[in-house]
Amino acid sequence: MRPRPPIKGRGIFSGTGLVIAALAATAVALLYPLWSYADRQGAADANVLSAQSVTTPYGPLSAQDRDFITKVRLAGLWELPAGELAEQKGTTAAVRTAGQHLVDGHTSLDAHVRTVATQLGVPLPNGPNEQQAQWLTTLRAAKGQDFDRRFAGILRLAHGRVFALVAQVRAGTQNSLVRDLADDANATVLDHIKVLEATGYVDFASLARDLAASPTPVPTPPAAAPSAAVPVEPSPDASYSLPPAAASPPPAASSP
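Per the working numbering, the sequence shown starts with residue 419, numbered consecutively.
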């Protein structure tokens with residue numbers, strides 16, 4: 419018998435298969451370390467977040483929760499004086515009304531945040547930060563309609579930035595006191611946004627650009643131990659009722 423001639427192309431396909439297999443193996447070798455690193459990094463991030471949370475009778479208190487409590491206090495330390503300036507210097511009834519809302523809102527919210535801070539052991543600042551102090555200096559120097567415009571513009575921008583933070587904290591916190599404070603802050607901030615816009619001095623085009631640009635939010639304070647002393651106590655004439663401490667849900671009733 420004459421030998422069967424080789425099938426044309428078999429060697430070519432066999433070689434191609436080897437090349438594809440080699441490339442696939444190389445890709446797996448290159449990608450595996452990346453996947454492994456991503457898994458390790460995700461676990462590390464979770465461990466860091468867990469390490470920054472502390473246990474309280476009202477649920478876990480995260481670093482973001484403590485940061486939020488401090489920022490609520492800082493907001494009142496400059497926005498309340500800004501509201502008083504508007505009540506005194508505003509040239510229109512709408513500006514003076516906005517100032518009154520800021521004073522009333524932050525008087526109540528400040529009492530709330532001080533009570534929460536006392537319960538959770540979060541130290542609070544006693545004065546505005548550098549940026550907020552500069553805003554107050556600008557408002558004190560302004561007069562007439564220039565004051566009205568600056569007041570509405572600065573305060574509306576600040577409230578727009580903090581509005582997003584309040585929503586983020588309210589959506590993710592596990593602490594019942596922080597949830598209650600976020601609810602109060604949300605209502606207060608929204609009210610202030612509306613009355614500031616009602617002045618007619620808010621430049622929405624400029625506001626949108628400023629909000630879209632790199633923000634300059636309130637600086638994040640350093641993490642504080644939950645047992646640290648709270649330098650600001652709730653004032654005796656401005657207390658705030660708190661929700662009860664977190665408790666385990668009652669056991670389900672057994673079927674008859």
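The hints are simulated quantities; they were obtained by calculation from the structure and are not laboratory data.
Hints may be right or wrong, so weigh each one.
Claimed, not checked - Below, computed lysine-lysine pairings styled on DSSO-like, alpha-carbon distance capped at 27 Å:
#1 K612 - K561
#2 K507 - K561
#3 K507 - K612
To be verified - Label pairs and their calculated CB-CB ranges:
#4 T510 - Q470: 26 to 32 Å
#5 R627 - E548: 38 to 44 Å
#6 D621 - Q518: 31 to 37 Å
Positions of the beta carbon are idealized from the N, C-alpha and C atoms, including for glycine.
Hint by hint, here is what the structure shows:
no.	hint	result
1	K612 - K561	holds, 23 Å
2	K507 - K561	holds, 7 Å
3	K507 - K612	holds, 20 Å
4	T510 - Q470: 26 to 32 Å	violated, 46 Å
5	R627 - E548: 38 to 44 Å	violated, 23 Å
6	D621 - Q518: 31 to 37 Å	violated, 23 Å
Hint violations for this structure: numbers 4, 5 and 6, all remaining hints satisfied.
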